[in-house]
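A.B. asks: These are the residues of each chain, in order.
Number of protein chains: 2
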Amino acid sequence: MTFDVDETLKRISGKKGVKAVVIVNAEGAAIRSTLDHELTKQYGQLIASLVQQAKTAVKTLDDQNDLTFLRVRTKKHEIMIAPGILKIFIINIGRCILTIF
Amino acid sequence: MTFDVDETLKRISGKKGVKAVVIVNAEGAAIRSTLDHELTKQYGQLIASLVQQAKTAVKTLDDQNDLTFLRVRTKKHEIMIAPGILKIFIINIGRCILTIF
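Top line first, the protein sequences correspond to chains A and B.
Read in full-length UniProt numbering, the first sequence has 49 at position 49, and its numbers run on one by one without any break.
Read in full-length UniProt numbering, the second sequence has 27 at position 27, and its numbers run on one by one without any break.
These are computed hints drawn from the structure, not numbers from a lab.
Some clues are possibly wrong.
Note that identical chains are pooled: a pair holds if it fits in a single copy or bridges any two copies.
[Stated by the list, open to error] EDC-like, lysine to aspartate or glutamate: derived pairs with alpha carbons at most 20 Å apart:
#1 Lys19 x Asp62
#2 Lys19 x Asp36
#3 Lys10 x Asp62
#4 Lys16 x Asp62
#5 Lys19 x Asp66
#6 Lys10 x Asp36
#7 Lys59 x Glu38
#8 Lys41 x Asp62
#9 Lys76 x Asp66
#10 Lys75 x Asp63
#11 Lys59 x Asp4
#12 Lys19 x Asp63
#13 Lys76 x Asp36
#14 Lys59 x Asp36
#15 Lys76 x Asp62
#16 Lys59 x Glu7
#17 Lys19 x Glu38
#18 Lys19 x Asp6
#19 Lys75 x Asp62
#20 Lys55 x Asp66
#21 Lys55 x Asp4
#22 Lys16 x Asp6
#23 Lys41 x Asp63
#24 Lys16 x Asp63
#25 Lys76 x Asp6
Make a model of the complete structure from these sequences and hints.
C.D. replies: Next comes the structure, spelled out in structure tokens:
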């Protein structure tokens with residue numbers, strides 16, 4: 001499967017409610033971002049570290065399992081993270097309807 | 001606002017797709033759980049640590065902001081965490097429809 005970085009950035013950042021998109025490589029360095037340099041660096045480092053801890057926690061609980069998506073909802077916005085070879089951080093002001101409440 | 005632990009446990013665990021509910025206190029110790037003792041302890045510790053890191057990351061990025069909800073989607077299930085005085089961990093096999101993709 002090919003992954004067009006610019007196409008992905010354009011597609012996601014154009015969605016309603018999306019405030020910013022940051023795409024980082026496996027080492028946590030941003031390769032594309034709609035945030036400024038300083039914020040991109042901060043988000044990249046903090047979120048990459050959080051994803052790593054989440055991956056470790058999931059594997060510790062069940063080594064046959066793996067993290068596929070992480071959503072960090074805050075008072076101000078929501079950060080959505082799709083971990084993979086390339087990680088996509090999406091800061092979204094929208095709200096997902098919780099299916100279980 | 002009062003919080004009826006047993007009522008909450010019953011309400012959430014009865015929802016479609018919910019496999020387990022763990023309610024822990026501020027120190028990370030489980031006060032109610034539908035999992036066995038060992039799994040409850042494992043989940044409690046790992047998820048409480050993850051929540052703490054997420055809270056710290058959110059505060060570091062913006063000290064006026066705060067974590068309100070964390071969702072950890074894995075290949076096998078989804079863990080939903082509502083941090084507060086009491087944390088609720090919900091392991092759900094359901095899938096939330098992503099609003100931005």
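A.B. asks: Does each hint fit the structure? Answer for all of them.
C.D. replies: Here is what the structure says about each hint:
no.	hint	result
1	Lys19 x Asp62	between (34 Å within a copy, 15 Å between copies)
2	Lys19 x Asp36	within (12 Å within a copy, 41 Å between copies)
3	Lys10 x Asp62	neither (36 Å within a copy, 26 Å between copies)
4	Lys16 x Asp62	neither (36 Å within a copy, 23 Å between copies)
5	Lys19 x Asp66	between (28 Å within a copy, 18 Å between copies)
6	Lys10 x Asp36	within (17 Å within a copy, 46 Å between copies)
7	Lys59 x Glu38	between (32 Å within a copy, 16 Å between copies)
8	Lys41 x Asp62	between (32 Å within a copy, 14 Å between copies)
9	Lys76 x Asp66	between (28 Å within a copy, 8 Å between copies)
10	Lys75 x Asp63	between (33 Å within a copy, 11 Å between copies)
11	Lys59 x Asp4	neither (29 Å within a copy, 33 Å between copies)
12	Lys19 x Asp63	between (35 Å within a copy, 19 Å between copies)
13	Lys76 x Asp36	within (19 Å within a copy, 36 Å between copies)
14	Lys59 x Asp36	between (34 Å within a copy, 19 Å between copies)
15	Lys76 x Asp62	between (33 Å within a copy, 10 Å between copies)
16	Lys59 x Glu7	neither (32 Å within a copy, 32 Å between copies)
17	Lys19 x Glu38	within (16 Å within a copy, 41 Å between copies)
18	Lys19 x Asp6	within (17 Å within a copy, 39 Å between copies)
19	Lys75 x Asp62	between (31 Å within a copy, 11 Å between copies)
20	Lys55 x Asp66	within (7 Å within a copy, 22 Å between copies)
21	Lys55 x Asp4	neither (25 Å within a copy, 32 Å between copies)
22	Lys16 x Asp6	within (18 Å within a copy, 39 Å between copies)
23	Lys41 x Asp63	between (31 Å within a copy, 17 Å between copies)
24	Lys16 x Asp63	neither (37 Å within a copy, 26 Å between copies)
25	Lys76 x Asp6	neither (27 Å within a copy, 31 Å between copies)
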